[in-house]
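**Student:** Residues per chain, in single letters:
Protein chains: 2
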Amino acid sequence: MNIRSQVIAIAKHAKRAANSLARLSSDVKNRVLQGMAGKIVREMDSLIEENAKDVDAAKRAGLSAAMIDRLTLKKSTIEDMAQGLREVAALPDPVGKVTSMWRRPNGLLVGRMRIPLGVIGIIYESRPNVTVDAAALCLKSGNATILRGGSEAINSNLAIVRILQAALRECAVSEEAIQLIPTTDRSAVREMLQLEEYIDLIIPRGGEDLIRAVVSESKIPVIKHYKGVCHVFVDASAERDMAVNICMNAKTQRPGVCNAMETLLVHRDIAGQFLPFVAHKLQDAGVILKGCERTKAILPHIENAEESDWYEEYLDLILSVRVVNDIGEAIAHIEQYGSLHTESIITTDYRNAQKFLNEVNSSTVLVNASTRFSDGFQLGLGAEIGISTTKLHAFGPMGLEELTTTKFIIYGNGQVRT
Amino acid sequence: MNIRSQVIAIAKHAKRAANSLARLSSDVKNRVLQGMAGKIVREMDSLIEENAKDVDAAKRAGLSAAMIDRLTLKKSTIEDMAQGLREVAALPDPVGKVTSMWRRPNGLLVGRMRIPLGVIGIIYESRPNVTVDAAALCLKSGNATILRGGSEAINSNLAIVRILQAALRECAVSEEAIQLIPTTDRSAVREMLQLEEYIDLIIPRGGEDLIRAVVSESKIPVIKHYKGVCHVFVDASAERDMAVNICMNAKTQRPGVCNAMETLLVHRDIAGQFLPFVAHKLQDAGVILKGCERTKAILPHIENAEESDWYEEYLDLILSVRVVNDIGEAIAHIEQYGSLHTESIITTDYRNAQKFLNEVNSSTVLVNASTRFSDGFQLGLGAEIGISTTKLHAFGPMGLEELTTTKFIIYGNGQVRT
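So the sequences go chain by chain: A and B.
For the first sequence, the working numbering assigns the number 1 to the initial residue and increments by one for each residue that follows.
For the second sequence, the working numbering assigns the number 1 to the initial residue and increments by one for each residue that follows.
If you are wondering where the hints come from, they were derived from the structure by calculation, not from laboratory data.
Just so we're clear, the structure is a prediction, and the values are computed from it rather than from any experiment.
Check each hint, because a few of them may be wrong.
Chain copies aren't distinguished; within one or between two, either way the pair holds.
[Unchecked claim] With a straight-line cut-off of 30 Å between C-alpha atoms, the simulated DSS-like cross-links for lysine-lysine are:
{"hint": "1", "residue 1": "Lys355", "residue 2": "Lys12"}
{"hint": "2", "residue 1": "Lys355", "residue 2": "Lys15"}
{"hint": "3", "residue 1": "Lys227", "residue 2": "Lys12"}
{"hint": "4", "residue 1": "Lys97", "residue 2": "Lys227"}
{"hint": "5", "residue 1": "Lys97", "residue 2": "Lys355"}
{"hint": "6", "residue 1": "Lys15", "residue 2": "Lys219"}
{"hint": "7", "residue 1": "Lys12", "residue 2": "Lys219"}
{"hint": "8", "residue 1": "Lys15", "residue 2": "Lys97"}
{"hint": "9", "residue 1": "Lys296", "residue 2": "Lys281"}
{"hint": "10", "residue 1": "Lys53", "residue 2": "Lys75"}
{"hint": "11", "residue 1": "Lys75", "residue 2": "Lys39"}
Bound conformation, chain A alone (with noise of 0.2 Å):
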């Protein structure tokens, strides 16, 4: 069988699968997902077996300890995906809710209730991990999952996909519910998301250059994240140490994460006491300053900021600094630099806080607290799947509900349209 008949029928085995699971008790969803935890701690040795491969693998191949270490499957990392598909068990089922109902002048009844999307392709990069939480989340909200991870994964992600398929059956749910593409042959993704008669939703989740590529191929609707250019702005009134704490906490509590702040705004009345004061802590926490000239002005040995700096997502204890004349200007910095990502203002000026949170279109919008909040669990949605910054369907954060729709349901009574 060729990759495109092979891809294809995978697609179709899908689509049959999200059918029945779209009816699925949410007992069985959970049964099946606690047996999953089960089977996974008790497969674990030959997981680790077959993760080994992989490894071995990449180290031949020259790839960075990071990335190595984010592919290794440890006995912690693998009691860690138990647990999540135990919390994922015990999370609400969003499937069958009825959000709200109104009557029709004309005696129909008038509700939406919520449905799975059907049939979700994710499309990753190396870490095993997302293979399992994926698939838990999508089978809770009762839609089939195709997946398709890096091929530096290929032997791990084969071996957690028959451990979940095995935990299926045992509950008499179709193993087509959870199916992972078994080649690492690019022409794979290419055919998959050509697929819009069987596949509903694509969440890609890795770096914006694979980003961009599914996004220019797709025919099936994405949803997706390019970056996270997060801003703080210090406004002129805010409480200085708490303006410390969070800009700390946002840049160097997980550098490396898509919520850390990229950006930090402060205004010109306080810019030259908190300014000194702040980059004091950062450098010391080992954070790179980069400044606009008024920041320089005040802290003249930090390096200079391109025009390009204000766009970058460093992803590093790296940090560009500006200074502003007022919150407009924080405001009109973010609406042309930003990426729609999260935003936070520390103030204790009522007005701005208000003007700050309604004029920012960003998908999380923060209030004296830090953009580390913009998480799904942090959030209490319980889960999250990623983070659109797509405005379409879901923006921001997405847990299970994220991954379902609502139809119209209308009780009549003989109703016809006059």
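Please arrange chain B on chain A, whose structure you already have, making use of the hints.
**Tutor:** Quick look at chain B alone, frame taken from chain A:
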């Protein structure tokens, strides 16, 4: 300026306008809409004059009488357009509504606030009233619009948009909020569909070929429906007069629209009595019937339904008829041949009503009511920009809310992530 730069300039202007539109008060938006309504009536004569150029060209080009009818602006059409504008002004503004808010254990107050999508591109065929409708709904929901109408209506559309822009200017709103691609060159659409940096959503309205071409070329998310193959299932327990009444309404009240019935499914236990009765009425109204074998055993003189007929959106006085063994077979038929648009069951059996509502995952599912109610106005959305059979973002009839998304707003008092 070549077409590419022209389209890019329009898109950039639209994005700039979108930022200020997002902050416009409901009052100003409503004043603009009222101003448009007044102006369109006052400038009726010049509008009819420009429209006459299109109508003359269409006649010379030999377009069908039906197409010329849809293209022609009469005094009454223009008055209806003005009335439509006033009705949109009267609708509640979705922007800024906080749809829910909850407190996290760490004291963060997390909510979701409705915001406009940004820039919406509408690609449509012939009818010039779509120009007014679409622009009004996008404006009310705080979005900038880029309109690309059919080439046969270019003079009418240019004249309409000139009037709408004048009304924007009178209220000091940027005329970039509503723009028309001023050329009929087809490459303009191709260019437009590449501009994901500036345009947030494409809504194509027209025939299936137009929509398929847009989906296949677009890098921008598209909300679409290809076709409406709507089903009515008459269950064994159906009340006969209600079933006949609904079938007649769903098929004949307006056969050329997407929510008209295209396939009738009848439970075998009542087929012998029901089919002759309903066939007589349908045939009296000019409907041509095409039946499966079992239908033809009861109605021997009707045409044979081929396999391809079950997929067909006739948009005409033609109806496919199939006898099914039970509700399960009816649902399976809809799953296999349906278009996810609208389906109705006629029944007096409680369990079958609930089973149909729960298991049929089309965008609108009805019990004991005509498929013709699948319409934004009829469902109480107040307006309709289109109907989506894409499960992403919006599924089914789309009103003003469906032209918005939500952002997370978060009130903190210094929280950082640990």
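**Student:** If you check each hint against the structure, which ones fail?
**Tutor:** Every hint satisfied by this model.
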